[in-house]
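These protein sequence lines are chains A and B, in that order.
For what it's worth, our numbering labels the leading residue of the first sequence as 15, then goes sequentially.
For what it's worth, our numbering labels the leading residue of the second sequence as 281, then goes sequentially.
Don't take every hint at face value.
[As the list claims (entries may be wrong)] The calculated DSS-like cross-link candidates involving lysine-lysine, where the alpha carbons are at most 30 Å apart (straight line), are: (1) LYS113(A) with LYS375(B); (2) LYS19(A) with LYS581(B); (3) LYS51(A) with LYS84(A); (4) LYS463(B) with LYS19(A); (5) LYS375(B) with LYS119(A); (6) LYS652(B) with LYS463(B); (7) LYS349(B) with LYS113(A); (8) LYS315(B) with LYS19(A); (9) LYS119(A) with LYS581(B); (10) LYS282(B) with LYS51(A); (11) LYS572(B) with LYS19(A); (12) LYS19(A) with LYS306(B); (13) LYS51(A) with LYS305(B); (14) LYS113(A) with LYS581(B); (15) LYS19(A) with LYS305(B); (16) LYS315(B) with LYS463(B); (17) LYS581(B) with LYS46(A).
Rather than coming from a laboratory, the hints here were simulated on the basis of the structure.
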Amino acid sequence: MQNNKDRSRNLGDYLPAADDAMIICRCEEITKGEIRKAVHDGMFTLTEIRRYLRTGMGLCQGQTCGRLIKGIVARELGVSPLDLEPAVSRAPMRPLEMKVLGNEK
Amino acid sequence: MKNNADIIIIGSGVIGNAAAYYLAKKGCSVIVLEKSESIGNGGSSRNGGGVRQSGRDKRELPLAMYGIKNIWPTLSEELDMDVEYYQQGNLRLGKTEAHLDILSGLTKDAAAGGLEVRMIGGEEARAICPYLSQEVTGASWCPTDGHANPMLTTLAYYRKARQLGVRFITGEGVQEIRKIRGKARQVVTQNAAYEGATIILAAGYESRELASQLGIDIPMTQALLEVLVTEAQPPMFYQMLGTAAADFYGHQSTHGSFVFGGSSGFEGVNRDNGTPTTASITASCICRGIMKYFPMLEDVKIVRTWAGWMDVCADMVPVISPVEEVPGLIIAAAFSGHGFGIAPMVGLLLSELATAETTTLDLCAFRYDRFKAKI
Chain A
15 MQNNKDRSRN
25 LGDYLPAADD
35 AMIICRCEEI
45 TKGEIRKAVH
55 DGMFTLTEIR
65 RYLRTGMGLC
75 QGQTCGRLIK
85 GIVARELGVS
95 PLDLEPAVSR
105 APMRPLEMKV
115 LGNEK
Chain B
281 MKNNADIIII
291 GSGVIGNAAA
301 YYLAKKGCSV
311 IVLEKSESIG
321 NGGSSRNGGG
331 VRQSGRDKRE
341 LPLAMYGIKN
351 IWPTLSEELD
361 MDVEYYQQGN
371 LRLGKTEAHL
381 DILSGLTKDA
391 AAGGLEVRMI
401 GGEEARAICP
411 YLSQEVTGAS
421 WCPTDGHANP
431 MLTTLAYYRK
441 ARQLGVRFIT
451 GEGVQEIRKI
461 RGKARQVVTQ
471 NAAYEGATII
481 LAAGYESREL
491 ASQLGIDIPM
501 TQALLEVLVT
511 EAQPPMFYQM
521 LGTAAADFYG
531 HQSTHGSFVF
541 GGSSGFEGVN
551 RDNGTPTTAS
561 ITASCICRGI
571 MKYFPMLEDV
581 KIVRTWAGWM
591 DVCADMVPVI
601 SPVEEVPGLI
611 IAAAFSGHGF
621 GIAPMVGLLL
631 SELATAETTT
641 LDLCAFRYDR
651 FKAKI
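Next comes chain A alone, as it looks inside the complex:
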């Protein structure tokens, strides 16, 4: 993590790649290029990427794309994916209707 602390670290220019249009987060329709660009905008943690782009904020809550995004961000930062803390998982585990969640009987 030491590597990611100083947000002025030079990552080099954002270079467009052939697969930038590939959709990574299917629930929110966020592409690989958007994720790579967010890193260059200064979003160095998975939590920041999530708040900035909404990746992993849809119906599956990142259960599908979480690992892919971690790999993309790690590569862009030049660190190991193991150095990136995953974003927090939030209750409920599956989407629940208000009338079901609100029912105490």
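Given chain A's structure and the hints, the job is docking chain B onto it.
This is chain B only, laid out in the frame that chain A set:
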């Protein structure tokens, strides 16, 4: 890299980031130190997003009104990023006589402060927001209130300040603010010491500990807030909502999801593990509150819940003040759960304080030494 700058800011929340941006724009060098691994990981990412004037303490009202008139409308353009600001009014809803009494009182106070806010009946409320239950008998209505996306606003200030050369360092918890020759000058972390001519302490509740080392106490506590987020819905309404009975508050976001906050009444005694943690009973309670006002939302799915801590001041109003006993130190903390809406204005005022300019608005009401015993 140099560890010296004109100004050191402790805390990369929306207040610290906004101050950093306005200072960078004035040509100052700025270093922002953040304890968390992520930017704005405290209350700045954990609030309801209200950009309200109604319901505010009269001391805070001028800040809210100035920001809504002069900063919020053009903020997305200024920061080159959509902060999802909507100015479509605030409805505070009531269903009983007692509710309407509460709302009338609030409305009278706000109107006395020069705010355009008035009481309306149930039918007029439904004309503004047609999805409201027939049980709503009245509301207070402030047409110039609104909401924005707090996470994007915080990150937009960060992104722009970073582009302007502000140095942000995360995972850098401050241990001490050290005086040199009687002036606050050095900021010591586990890894390094940073030096600045002015130090802005904007670290939420954690500001208390750091200020107390210098003999300054800000009387505040931590209080939990919880919020639920629904799946995306077609665009329905963009008013900010609240209720007289405080059952829930919230709005629909650009994305389409509803963001609704509320409480169970057990916040003061909840168990936690040192992090803000959602309780199993709260989201259910908020759902019941919402369905009483919006029965048609009963089939909408909840996808996520989260919690955050507010830094609640003894008198529910923040401290935004230079400290006379410690020249060079400026405190901006204890925003008491309603700091987001005034954050851009507070950032601007902090940049004026830090550069010894005359502030756009008077800040006497927010002094650090205003707290007096009751007798």
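Hint-by-hint comparison with the structure:
1. LYS113(A) with LYS375(B): Satisfied, since the Cα-Cα distance of roughly 21 Å is no more than 30 Å.
2. LYS19(A) with LYS581(B): Given pair LYS19(A), LYS581(B) is violated - Cα atoms ~37 Å apart, limit 30 Å.
3. LYS51(A) with LYS84(A): OK: LYS51(A) and LYS84(A) at ~14 Å, within 30 Å.
4. LYS463(B) with LYS19(A): Holds - the C-alpha atoms of LYS19(A) and LYS463(B) are around 28 Å apart, at most 30 Å.
5. LYS375(B) with LYS119(A): Holds. LYS375(B) to LYS119(A) sits at ~25 Å (cutoff 30 Å).
6. LYS652(B) with LYS463(B): holds, 26 Å
7. LYS349(B) with LYS113(A): violated, 40 Å
8. LYS315(B) with LYS19(A): holds, 10 Å
9. LYS119(A) with LYS581(B): Holds. LYS119(A) to LYS581(B) sits at ~19 Å (cutoff 30 Å).
10. LYS282(B) with LYS51(A): Given that 30 Å is the threshold and the Cα spacing comes to 27 Å, the pair holds.
11. LYS572(B) with LYS19(A): violated, 46 Å
12. LYS19(A) with LYS306(B): holds, 26 Å
13. LYS51(A) with LYS305(B): Satisfied, since the Cα-Cα distance of roughly 24 Å is no more than 30 Å.
14. LYS113(A) with LYS581(B): Distance ~9 Å between LYS113(A) and LYS581(B) Cα, so the pair holds.
15. LYS19(A) with LYS305(B): holds, 24 Å
16. LYS315(B) with LYS463(B): Distance of about 23 Å is within 30 Å: holds.
17. LYS581(B) with LYS46(A): holds, 28 Å
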